[in-house]
Amino acid sequence: MSDTPLLSVRGLSKSFAGHQALAGVDFTLRRGEIHALLGENGAGKSTFIKTVTGIVRRDAGEVRLDGVPIAPRSAEESARAGIATVYQEVGLLPNLTVAQNLFLGREPTRFGLVRGRAMRQRASERLAEFGLAIEVGAPLGSFPVAVQHLVAIARAVDLSAQALILDEPTASLDTHEVTVLFGVMRRLAERGIGIVFVTHFLEQVYAITDRITVLRNGRLVTERETAQFPRLDLVRTMLGRDLAEEEARAETGPRAERTAGPPVLRAEKLGKAGYLQPVDLSVAGGEVVGLAGLLGSGRTETARLLFGAERPDQGRILLDGKPVRIAGPRDALKHRLGYCPEERKTDGIVADLTVRENIVLALQARQGPFRPLGRAAQDRIARDFIAKLDIRPPDPERPIGLLSGGNQQKALLARWLATEPRLLILDEPTRGIDVGAHAEIIRLIRSLCEAGLALLVISSELEEIVTYSDRVIVMRDRAQVAELADGAIDVTAILRAIAAEAPRTAPACQPEPA
Amino acid sequence: MRALRAGAPQLLAFLAVLLADRLVAPQFLAMHWQDGRLFGSLVDVFNRGAPVALLSLGMVLVVATGGIDLSVGAVMAIAGAVAASLADSQPLPVVLAAALATGLVCGLWNGLLVAVLRIQPIVATLILMVAGRGIAQLITEGRIITFASADLAFLGGGALLGVPMPVVLVFGMLLVTLALVRGTALGLMIEATGGNARASALAGIDTRAVTLAVYAWSGLCAALAGVVAAADILGADANNAGLWLELDAILAVVVAGSSLLGGRFSLWLAVLGAFLIQAMNTGILLSGLPPELNLVVKAAVVLAVLLLQSPRLAGLSLLLRSPR
Amino acid sequence: MRESVSIKALLVGAMLAWGGAAQAASLTVGFSQIGSESGWRAAETTVTKAEAKKRGITVKIADAQQKQENQIKAIRSFVAQGVDGILLAPVVATGWDAVLKEARDAKIPVILLDRDIDPSGKDLYLTAVTSDSVEEGRVAGHWLAKTVGEKPCNVVELQGTVGASVATNRKKGFDAAIAPHANLKLVRSQTGDFTRAKGKEVMESFIKAEGGHAICAVYAHNDDMMVGAIQAMKEAGLKPGKEILTVSIDAVPDIFKAIAAGEANATVELTPDMAGPAFDALKAYKEKGTVPPKWIQTESKLYTAADEPLKVYESKKGLGY
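One line per chain: the protein sequences are R, C and D, in this order. The numbering of the first sequence is the numbering used here, which starts it at 1 and goes up by one. The numbering of the second sequence is the numbering used here, which starts it at 515 and goes up by one. The numbering of the third sequence is the numbering used here, which starts it at 839 and goes up by one.
These aren't lab readings, by the way, just hints derived from the structure by calculation. Keep in mind it's a predicted model, so treat the numbers as computed, not measured. Treat the hints loosely; a few may be bogus.
As the list claims (entries may be wrong) - If you anchor each label on the Cβ, the simulated ranges turn out as follows:
no.	chain 1	residue 1	chain 2	residue 2	range
1	D	S1153	C	V677	50 to 60 Å
2	R	E397	D	K1077	20 to 30 Å
3	D	S1153	C	Q548	32 to 42 Å
4	D	K1126	C	V810	50 to 60 Å
5	R	E76	C	A818	22 to 32 Å
6	C	I641	R	R316	48 to 58 Å
7	C	L526	D	G1075	28 to 38 Å
8	C	Q634	R	E397	31 to 41 Å
9	C	Q548	D	T985	40 to 50 Å
10	C	V538	D	A1020	26 to 36 Å
11	C	L526	R	A451	44 to 54 Å
Where is the CB? At the ideal position from N, CA and C, for every residue including glycine.
With the rest of the complex left out, here is chain R (with noise of 0.2 Å):
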């Protein structure tokens, strides 16, 4: 229609209590466009999305629609001015029927009074429009998530939406229902309307979208057509492998050639119907294995059910050889198994306790609570952490919550290595942390495999894990897919095994005829 593009961001920034969350932003989004939004976890795809459509308040930059500046205030705001989003989780009233859904807050009325009737037959030929033929009077919970996605976006749609946000829509459908869904965007965007799709599935980046935009650490990184982007650059962007070389050479150097035991830990076949595809894995003493992929590859997923978190359903754990039953992390503790897990805010510290408190939890929850360890044992073994680590501020009365992540994440090492143990997870240990500690923690990792503890380390950082792994453990899509061991383990070969083309392709997933 006219040159000027369907939605317009320049410049758009918003920091969060001095953390840059987005850093001066440009995205551009055209008509008829389906237009893939990348990045890894903290890259800024959500603040984005949010500071965009209003939820948040932006710090600078502009917001234009068909060329005109827009600064709307709430998503309804937003959705008004011809922005729309729908979210993972739809955020629909499921009790209300498929009709009061779609026209809620707009029904129509007749001397204020809702028309039922006449809503149900708008509502069914709405949907009509996206291949939906269903009961509209029935509740909106009892369908599948994939028609209350649909309902969510028909109903975005219908509020006059330009431009349409789909926040992670296919992360828990099936093929099929992807394929529907897929099947709703392309006639969308054939009305020009413009879509921005948030995904982890590369395949369906190549499979649905015209362009890629990718984020990383709140900074615009790219934008390229997705015909013209191949796939391991686009890992290799997203990850951003070139700017975190040069620094992680310069500290680590290389590193000490080293023989590995029998191994302390051996996973064979460990899985979980719908989690994890069974995964073999060994770890021995004075050895590092990294475990590499993109966020949601299985990574995190392998660690929690090693640990006990999740409950495998098949698949055992040999330790020292012998198989052992794990069936919590209460079991994984008594068999000397440490996680640092990845959320270390809701999943690590308790922010209300002090420094020392949360180092000796662990180890005090071994001994059961009626074997107190003594105010002088936990002052001593506080102390002696702080020293050995490096926790700043230096005080272990201060509550955790108050230090700063990189100190979080050692404290919480401390917590771990205070019950001297023989295998220890590490999930992300360096995420969100300054360089200082960045460095600091590898060192540790590096010091803690020469005293001969096993540890298994799961990282986003590609050059960090082939720094200090022995063994290189990749996954894709929740299974395993290739390991790499002594001179095969380099960044590009961990690379090329995440980006290598998924075997099995969803019938969802053909590219599309052009």
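Following the hints, complete the assembly by docking chains C and D onto the known chain R.
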């Protein structure tokens, strides 16, 4: 010393309420010896505050895990009914054991619903709050069961070295509870569970057992409170014993500076909170104000006490508001 | 649905009216009781059964568990069963019009027990048997004035729950009775919520605030609070019944024990026998067509140590108080 500093606002508030009481009733601090026990309004504050103080000893632990126990008032009624109906036929140890066991079972029931069946605490304990009073009424057949046992009566009206028995029981229970949670690692585990249950479970804490234990203890404390209340009026009044006291106990815990979201707790501050509330009640009774004003005055004083702690509340709300 | 019920009820009612004389020998009466929230209520139920038996009346009791909708359901079911009369102890004062009209259409007389309903429904029931709580307070006040005589006397009052009409009325009657006697001075008045525990606590505070020996008499809106107050006085080293006069209302068994022990002086009875007069009125209406007055007031009888308290205690003990 550290504990004293942390409890400064509560202690100040308590002294302020006592001072206010002294102003409305000049004889408030007067005390004399009578029939082998201390006698005076200040003694009444501790004596009348005893049931809520006992409840708050259990409640503060439940609240520390991020839960709440609405059933304590009803458990008081049940335990009181059990004690009163056995008092004249059984020796005191049997009566006490039966009443406390009843409370423990009630507490375990709540704990089961919350920890194992994962029902929200406010809903789970609401069940026993409603049903419990009915159970108590079944035991008493809707009447006030009176008893003549001097042994049981001693727990309500007797005195040890001049100190009324209910007060002795509160401090005894405070010491036992302190030994149980601070003498072991249970206190730490309760605070960790309340602070972050997911993280605590991943650190190897049996959060389920911890939760079960605090509700059980709350039931036990409530049962003791029920025995004291029954011993006080020489009878079990299923309709009224402990009625709405769960709210006073929650208030005592809040006044003690605990967050209803769970986490840090202080036993002695919870007991102090209960006595503070009673000091307020006693002051209102002594003031001679028309009874229509009772609740208004109480609300105003509670608001004032909570405002006294406001720096802390402000800090807390800041923490809550900061982005995740 | 409701129409068909009321048509059926009409038919049944007509049949009953037609065969009225034959049925009169044994009446069947439905009784919608509020619940068993207090000892008095339990006693009322027990006495109702006893009074019905005495008169050869079959009584069907429905316990509403404090819910009006249960009472309405019970009345509808009584109407459908074609009973000869309905006794209703209403849980609230309003909202009865519709169901009472159904009963009237079915020609089934309704008698209210213990509590009245709001004025708009006055023509919808035969009569109300209630006590006069103002009168109860008045009887207590007169007794106190007479007993004290001319000497000055500081009186403290334990009120019922703030806002409860019974409490307001008992206070009103008492105040009116002692007003002419300048020597009787009401020095303290607080609510004891009708409970023993609160009665005791409030009395303790009265003793501290006034000084135990400055109090000459205690008036409590119910006996339960008085039982608590008596304990408070004893614990303070005072002699209730001797040093301090007591008068309260309800006449529950426990107060007679106290009167017998000389620890309490007087109580005014709120009789649990509301059904007796109701049955008599109903019988007279059914058999002779006598229309009773709109309000049958029960007697507010005063009991003191002169009325053989132990004997009264024994007779009341088994009623379920």
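* **Hint check against the structure, violated hint numbers in rising order** => Numbers 1, 2, 5, 6 and 9, in rising order.
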